[in-house]
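A.B. asks: Chain by chain, the residues:
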Amino acid sequence: MKSQYSYFVEPFEMKDRSRRFLDAFAAIIRHSNYGPVLDAYARMTAKCTRCSAACPIYLTTENIKDVPCWRSELVLRVYRRYFTVPGMLKTRLWNEFTLTDDYIDRLAEELYHCTACRRCKFFCPMGIDHGMITHIGRWALAEIGIVPKALVVATREQITGKTHNTSAIPLPALQDTCEFLEGEIMEKYNQPVKFPIDREGAEMVFFPAVSDYLLEPETLMGNAAVMYVTGGSWTIGSQYYDGIDYGLFYSDRMWSRIVKMEAAEVARLKARLVLIGECGHASRSAKVGLPNFLGPGAPQVINIMEYTFKMLEQGKLTLRANTIRDRVTYHDPCNIARSGWIVNQPREILRAICSDFVDMTPNGPLNYCCGGGSGAVSIDEIRKWRTGAGGKVKARQLKETGAKYVVAPCANCKKQLREVIEDNGLEGVEVIGLHDLVLKAIDFGTPAETGGKEKGR
Amino acid sequence: MIETYLAWARGPLFIFSFSVMLLGLLRLVLLTNIDVLRMIYRASDKRLPVRALFAATMRWLFPFKQVPGQPKNRLWYSIVSMLFHGGLILTPLFLGAHILLWKHGIGIGWASIPNRGEDILALFTIATGLVLITGRIANPFSRGISRFQDFFLPPLLLIPFISGFLVMHPALNPLSYQRMLLIHVLSGDLIFMMIPFTKLSHFVLLPASQLISELGWHFPADVDENVTSTLHKETEKI
Chain E
1 MKSQYSYFVE PFEMKDRSRR FLDAFAAIIR HSNYGPVLDA YARMTAKCTR
51 CSAACPIYLT TENIKDVPCW RSELVLRVYR RYFTVPGMLK TRLWNEFTLT
101 DDYIDRLAEE LYHCTACRRC KFFCPMGIDH GMITHIGRWA LAEIGIVPKA
151 LVVATREQIT GKTHNTSAIP LPALQDTCEF LEGEIMEKYN QPVKFPIDRE
201 GAEMVFFPAV SDYLLEPETL MGNAAVMYVT GGSWTIGSQY YDGIDYGLFY
251 SDRMWSRIVK MEAAEVARLK ARLVLIGECG HASRSAKVGL PNFLGPGAPQ
301 VINIMEYTFK MLEQGKLTLR ANTIRDRVTY HDPCNIARSG WIVNQPREIL
351 RAICSDFVDM TPNGPLNYCC GGGSGAVSID EIRKWRTGAG GKVKARQLKE
401 TGAKYVVAPC ANCKKQLREV IEDNGLEGVE VIGLHDLVLK AIDFGTPAET
451 GGKEKGR
Chain U
1001 MIETYLAWAR GPLFIFSFSV MLLGLLRLVL LTNIDVLRMI YRASDKRLPV
1051 RALFAATMRW LFPFKQVPGQ PKNRLWYSIV SMLFHGGLIL TPLFLGAHIL
1101 LWKHGIGIGW ASIPNRGEDI LALFTIATGL VLITGRIANP FSRGISRFQD
1151 FFLPPLLLIP FISGFLVMHP ALNPLSYQRM LLIHVLSGDL IFMMIPFTKL
1201 SHFVLLPASQ LISELGWHFP ADVDENVTST LHKETEKI
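The listed protein sequences derive, respectively, from chains E and U.
Sequential numbering from 1 applies to the first sequence in my numbering.
Sequential numbering from 1001 applies to the second sequence in my numbering.
Don't read these hints as lab results, they were simulated from the structure.
The reader is advised that the hints may include incorrect statements.
[As the list claims (entries may be wrong)] Simulated coverage check for chain E against chain U, where a stretch passes if three residues somewhere in it have a Cβ under 8 Å from a Cβ of chain U:
1) 40-50
2) 123-134
3) 405-412
[Unchecked claim] Under 10 Å between C-beta atoms, here's a sample of chain E residues computed to sit facing chain U:
4) 24
5) 26
6) 27
7) 35
8) 59
9) 69
10) 82
11) 83
12) 86
13) 152
14) 155
15) 168
16) 170
17) 256
18) 362
Cβ atoms here follow ideal geometry from the backbone N, Cα and C, with glycine treated the same way.
Please model the entire structure based on the sequences and the hints provided.
C.D. replies: This is the structure in structure tokens:
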């Protein structure tokens, strides 16, 4: 398959790209809250290059195209020229910049060289959120058909397909997997842990990254074990069971549709909370998307790590100290750590079970992206860029910790880090989920009374 | 002849350029406030992390953020830039001669910094400004992302400082007192007029920038429906 970009795209209308891009851009500015943001940024951007020091991709490539402010200017220039009075005046006075089809192609390439990790936002004295500019630019591109095929195919299956999930797992296969996982826990730990499906009236409906059902059985078993021991009232919905939301990476329209499907499933099961599994972007897309796209009545969002930590704090969950003796480090997924939402909870859990936990520097809200953010990890054809330009800084960080296990509570980060480790020759480092370790350390004791009863939290 | 020019530059032209600045900035502040209110009105999730936003806004008045373990922290750049900004604001505001002019003109005066302190401030501003200009030209990345105004404004900002310093120190002044003063006043007038239309306006927009960035992530609930119908995509497949 050939493509004019570094990633594959489905065939799209080549004619009149720039005009249609501007139409889309105008519609987005008109109906979203991004207009005033672009306006403020276009006025204030001071071009101080302070952001360059923040970007792990720039630190590796040292290419001017990877300076966040340079990339943002690509979009801001279009905004200034076509959506501000001085821009229009300048065009009438002299030969001002014009949006061409070539320029659209350049945007299409450059906006996908940013993982939208938003680390640079913390380094901009003007408070410019370059990740948001990438986000807006990608949305306008998507409206004219320029979007990585890997993302759009998965989203199409999720929204309009039969299985309604990005990995196209049919319900019977899901049920089989859950039964299999129940059997596994029985065999290994002799505990009747359940993966309840369609239990109406449960408090929480569980949406992991659906790929976990295929790739991360240990994580899911850990999730279920915590629920079992703490008497958590949870269920998996049979009609919709995917937390992934690639809309966050390329289109607010898709983002909105996907979170609405989550909300509908929660309503169908008469539940109260959206419980997101170990996944960064699934957590952020629900946490930010639900209250915005659904309004004040939207279900609340809780991440499984928040839940586990809360239970640990309340003494409802007992974890055996020093279960993991190898050195362990923790990778912060950008989408949950950047805002400071989930930073300490997983660390407290890890400190409770590991005898040798070390942090990377920098970490928490200032962590470095794994290089697979904003959907990049799903685009297989850019792996060389992802693990090279995108992953070198992370690889160095991992190496410096000397850890055997790197805990990455995010489906995307997990896949990306495994490939970073492989491509950067880091041997003997293993990427796992937080609940994989929790499962090993859990003290089942006498099981709590569960039986599907509501449990006040 | 030169007296006439000087009188014009200090009189009508100054009043004009200063008014352009005030009105222009007032317009920007008003528009920004309207934008912020409109964004809050349209957003369906109106909860804002007010405390964090305030903290971020205050913190960024002093952009020294250092991150351990990060290869480039650009501490010197931050320090030089801060000194430059400090000098840029304090020097003209607290110069005795300027305050005297205000007192004569509108009857309001305030405490001044002694001339000796003003000299030091002005020299600091000029020196740090020159360092910043050199940095912008010498660093290929800074140079590469700079627009015309990024090269044009810093030297322009230094002209009133250099000419002002020379006016105060006749022994060093290569031109006549009045010529140098004319350069000083004209460049100042030009800067006033440019403030609302260039990145210099960031000094009034900065207080709202963190809030605006946050509000960008607060959407109107019906954005999907509206964009879909505006672009006539109701029947288009995903």
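A.B. asks: Let me make sure I understand: some of the numbered hints might not hold for this structure. Which ones are they, in numerical order?
C.D. replies: 3, 10, 11, 15, 16
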